[in-house]
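Student: Each chain, letter by letter, is given below.
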Amino acid sequence: MSVLLEIEDLWVEVEGREVLKGISLKIPVGETHVIFGRNGSGKTSLLMTIMGFPTYKVKYGKIYFKGEDITDLPPYERAKRGIGIMFQRPPTIKGVKLRDILKLCAKENNVKIEELARSFNFETFLEREVNKGFSGGEIKKSELLQLLVQNPDLVLLDEPESGVDVENLNLIGQMIKKLLQKDTPHKPRTKSGLIITHTGFILQHVAADLGYVIMEGEIYCTGNPIEIFEGIQKVGYEGCKNCLKRLA
Amino acid sequence: MAEDKLLKEFKSAKEGNIPKDLSELSEEEKERLRFLGLDSSLKREGEYVQIDAKPVVCRKQVEGLEILPITEALKKYDWLSDYYWKLLSPEKDEFTKATAEDLDDGYFIRALPGYKIVYPVQTCLYIRTEKVAQKVHNIVIVEEGAELNLITSCSVHPHVESAFHIGVSEFFVKKRAKLTFSMLHVWGDQTIVRPRTGVLVEEEGSYISTYVSLYPVKDIQTSPVCRLVGEGAKASFASIIANQPGSKIDIGGEVWLEAPNTRTEIISRTVVYGGENIARGKIVAKAPKVKGHLECQGLMLSDEGIMRAIPQLDSYFYDVELTHEAAVGKIAKEEVEYLMARGLSEDEATSLIVKGFLTVKVEGIPPTLQKQIDKVLETAKLGF
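From first to last, the protein sequence lines stand for chains P and R.
Residue 228 in my numbering sits at position 228 of the first sequence, and the numbers go up by one each step.
Residue 1332 in my numbering sits at position 332 of the second sequence, and the numbers go up by one each step.
To be clear, the hints were calculated from the coordinates, so they are not data collected in a lab.
Please note: incorrect hints may appear among the correct ones.
To be verified - Below, simulated BS3-like cross-link-like pairs (lysine-lysine); rule was C-alpha separation at most 25 Å, straight line:
#1 P:K112 - R:K1371
#2 R:K1361 - P:K97
#3 R:K1097 - R:K1014
#4 P:K26 - P:K107
#5 R:K1014 - R:K1076
#6 P:K97 - R:K1333
#7 R:K1086 - R:K1075
#8 R:K1131 - R:K1097
#9 R:K1330 - P:K57
#10 P:K132 - R:K1361
#11 R:K1131 - P:K94
#12 P:K107 - R:K1371
#13 R:K1076 - R:K1116
#14 P:K107 - R:K1375
#15 R:K1330 - P:K94
#16 P:K94 - P:K57
#17 P:K107 - R:K1333
#18 R:K1355 - P:K94
#19 R:K1014 - R:K1218
#20 R:K1075 - P:K132
#21 R:K1075 - R:K1097
#22 P:K21 - P:K62
#23 P:K187 - P:K26
#24 R:K1043 - R:K1060
#25 R:K1131 - R:K1175
#26 P:K97 - R:K1375
Model the full structure from these sequences, guided by the hints.
Tutor: Here it is, written out as structure tokens:
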């Protein structure tokens, strides 16, 4: 199976502080990988670096997407090539409506914005200033709707379940399933995902192929995501430190 | 240059190169006027176009509306002397004085009592000749219970390098009447503009002013004074400005709340690419139980420009509610990055953020006017 994203020995700094220390991973086309780790372990930094935000300075290593070295490309070039990210705390942009952004996300994709929004009970938000006064769940819906319209090949999701009430968790799960083509299991998948989760919620909705534990900027462990999650639940991240499966 | 010397370099608009009608204008000029709203595909209740010193179009489509060149109106109606130079004094400054001494016409527009003129009336004061000073005097009267939506699009010939426009305007909004006045201007980068505006609003009347200037201009200085003299009257001013390098724009708005239960809102949104911008706003409470809010926001896109926000609130009574907020800053990096992650280049992202920042929804403005303002915003290049 061909590789969509490949990261090679990636070292990253934010304002002079090392946040990633030699991360390497490969995501094949159609696979979804999950990242576990404590707050401040470097999970978000990894996603932000893959998207190319300038605050995250690559000191060493390479990022390849569809075989191309994208390490020095700005975020919009990466977006054009098929990478999409869901923001944890997206900014409000004065005077810019959700519909305006969706139209830009759509570009040449022939997406029926109205219809898509309606299918997730979100059409009344189209005319609202993006993210302004949105609740936790509404932010997630808005972000996922933007990604659905953008239709990226690699989806980066940072804690998609955080701040979402129980009622909406299921809907968020459905949206992620659609985004990763997990709603049509009989068809060959072209979409891949890299998802940060604290609660493991996503594992109930999306069959993930591989899990990682990141600690102090390094990948400590790689394996079956459900087994890893159960292990963390039992022994905590302290247990990971002592685990024999730790990568050499 | 000192203000009193500014005018001396310009010749009279009466010496202008004035065509008989609009068909004599070049394609380029017609295109500019179409962009400003003189477009046959847009529904208008009336039109007034003046080129240099001469009115070339003056027509109305509906009953209850009068449109005349001011010189004709002054001859036709003796009573107009009760309105002419009543809100402004010719002695106010050298520009009002020059207009009183040598008038280059202007428009008289009146909505008769009870008539609600739904679609806009369009006026255009156009300078076609190089080095001309156009000095106009406009009077608008919206009689009791009437409604009028006025769009004024002032501009210069695309190839005129240097011009001067003085517009003396006196607006009267009678009891329960409503006037919306929207100015969409495309001046030249060597045009000097000195509007002098006075507005009087009676009981339960309402005045809504929107000023949009997104293109280069050399120098604008204006500070309309609006008096709310009848109980329950209201006024709102919005200015939407892109201050380009080399432009000096000093725009104020002064509202006097002179009767109980009057209220006002003055909003300004300015993007500074360069040049100098002064956003003034002043609310004076001269009666109890009044409300006023001033909002002044500036977005700096360069270190080459200067922005000054000068809000002022004066109260002569204790039972009033006057507030202001002012903020000047840069575009937030997070907003640019957010949009870049959605596939927009830095320039496209900036342009969208600026457009959003300048999108002010003015309460009470009719959809047709809002559409036209949105179109101007859409067309203007607002990136770097």
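Student: Taking only the CA atoms, is the gap from R:K1097 to R:K1014 under or equal to 25 Å?
Tutor: Holds. R:K1097 to R:K1014 sits at ~17 Å (cutoff 25 Å).
Student: Are the Cα positions of R:K1014 and R:K1218 separated by 25 Å at most?
Tutor: Since the Cα atoms of R:K1014 and R:K1218 sit roughly 23 Å apart, the hinted pair holds (cutoff 25 Å).
Student: Does R:K1333 lie within 25 Å of P:K107 when you go C-alpha to C-alpha?
Tutor: holds, 23 Å
Student: Starting from R:K1330, check that the Cα of P:K57 is at most 25 Å away, please.
Tutor: Roughly 23 Å separates the two Cα atoms, so the pair holds.
Student: CA of R:K1131 to CA of P:K94, is that 25 Å or under?
Tutor: violated, 41 Å
Student: Given the hinted pair P:K132 and R:K1361, is their alpha-carbon gap at most 25 Å?
Tutor: holds, 16 Å
Student: Is the hinted pair R:K1330 and P:K94 satisfied, with a Cα-Cα distance of at most 25 Å?
Tutor: holds, 13 Å
Student: Could you grab the alpha-carbon distance between P:K21 and P:K62 and see if it respects the 25 Å cut-off?
Tutor: Answer holds: P:K21 to P:K62 is near 13 Å, not above 25 Å.
Student: Between the alpha carbons of R:K1043 and R:K1060, is the straight-line distance 25 Å or under?
Tutor: Within the cut-off at roughly 12 Å; holds.
Student: P:K107 and R:K1375 were given as a pair; does the straight-line alpha-carbon distance stay at or below 25 Å?
Tutor: With Cα atoms ~20 Å apart, P:K107 and R:K1375 stay inside 25 Å; holds.
Student: Would you check the hint for R:K1131 and R:K1175, treating anything up to 25 Å between C-alpha atoms as holding?
Tutor: Violated, at about 42 Å.
Student: Given the hinted pair R:K1075 and P:K132, is their Cα-Cα distance within 25 Å?
Tutor: Measuring from Cα to Cα gives roughly 56 Å; hence the hint is violated.
Hint check: violations occur at hints 4, 11, 16, 20 and 25; the rest are consistent with the structure.
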